[in-house]
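Heads up, the sequence shown stops at 376 in this note's numbering, and the numbers go up one at a time, no gaps.
Derived from the structure by calculation, the hints contain no laboratory data. Keep in mind the model is a prediction, meaning the values are calculated, not measured. Using N, Cα and C, we set each Cβ at its ideal position, and we do this for glycine too. Hints are supplied without guarantee of correctness; some may be wrong.
[To be verified] Capping the alpha-carbon separation at 27 Å, the derived lysine-lysine pairs in DSSO-like fashion look like this:
hint	residue 1	residue 2
1	256	302
2	77	126
3	148	358
4	258	122
5	122	77
6	300	344
[To be verified] What follows is a set of in silico ranges between Cβ atoms, one per label pair, in the way DEER data are often shown:
hint	residue 1	residue 2	range
7	245	212	32 to 40 Å
8	249	301	21 to 29 Å
9	283	81	27 to 35 Å
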Amino acid sequence: MAYPGALVYNNGTSGGYILYRKARCNMHISVKPLLTFDELIEKMKDLGIHFDRVTETEAKDFLSNSNYFFKIGAFRKNFHKDFEGRYNIDFRQLQELARLDMKLRYLLLQYCLDIEHSIKTYLLRLITNDPDEDGYDIVQHIFSTQRNATEFKNAIFSSVRFYDKGKLKFIDGFQKYYEKPPVWVVLEIMTMSKLKPFIVYLSNAKPRNTKLKKIRNGIRYTSMLRNECAHNRPIIFNLRINNHHISKPIYTNAKRKGFTNEEIQIYKVAQIFALMDLHALVCGDGMRRNRYKDFVVFKQEFQRVEDLFQDNKYISRFQSAINRLVDIYQI
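Take these sequences, add in the hints, and give me the full structure.
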């Protein structure tokens, strides 16, 4: 079916494509064909991915049962191309990076959940122990400072609201809090990404509280990492490029703890360092010991396949940073 303003072209072969012309711009979108697993193998060969350590049959089995090309292919961004625009990668390298990345995402997500719980507990304790706080005014004040107070409030309550037959309803027990929500309800239902305004408010109100200041410095990195892990976005990805600014407190603290400039300039390393530092600051020893054991296991998993990446300085730097994190946050 052709839509108004669309030019459709198909040459009748597997290389056919469709071009869409927008009414107000000349943006063309090339729609790539769905490839069979045999065609994917040939596509990878064209990209410079070879199958010396893994057979083509094993690779097809992995792609059909364990992962998919769009995700595993993303890890090639950690490698250089030659002057002809081709990589020189063995499929096994991509395979192991995908496995390591999955384990790291699951592990870091647990760290994030620990941090989220511990920060909420700490903030509520500070507010409860302050005789000038009633638990309601602070919420109204923070809502009023947002660009769109209603939108911010609705985003917080989104986890306890749902549509039923076109009508917006609340999970039992939460509707009564919507008009004037107390801080203990807001902290319970909000996501980590909405915590920052509360941290900033309390940090400004209590300038001598160094713990709050450190939480404020690290929460952005932790929140971003939580979002990436929860949505299965790769972590060991694009290690060659850093288009992000690393804040001075995070950079200075990392350098003080022994990270090299090359390590901390990898943005994912900076994020993970900020997360680990925040975890050590706000979480109890029991939580820290449990996560540390898992982190040691991940370090060992990385070491098991490190020979595959000994010629890749970016992945080697990332692994070196992981080893350093294990040493620094030992408990």
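Outcome of the hint check:
1. 256 x 302: Cα-Cα ~18 Å, so holds.
2. 77 x 126: With Cα atoms ~22 Å apart, residue 77 and residue 126 stay inside 27 Å; holds.
3. 148 x 358: holds, 22 Å
4. 258 x 122: violated, 36 Å
5. 122 x 77: Holds: residue 122 and residue 77 sit about 20 Å apart, inside 27 Å.
6. 300 x 344: holds, 21 Å
7. 245 x 212: 32 to 40 Å: holds, 36 Å
8. 249 x 301: 21 to 29 Å: holds, 26 Å
9. 283 x 81: 27 to 35 Å: For residue 283 and residue 81 the Cβ distance comes to about 28 Å; the hint holds.
Hint 4 from the earlier list is the only one contradicted by this structure; the remaining hints agree with it.
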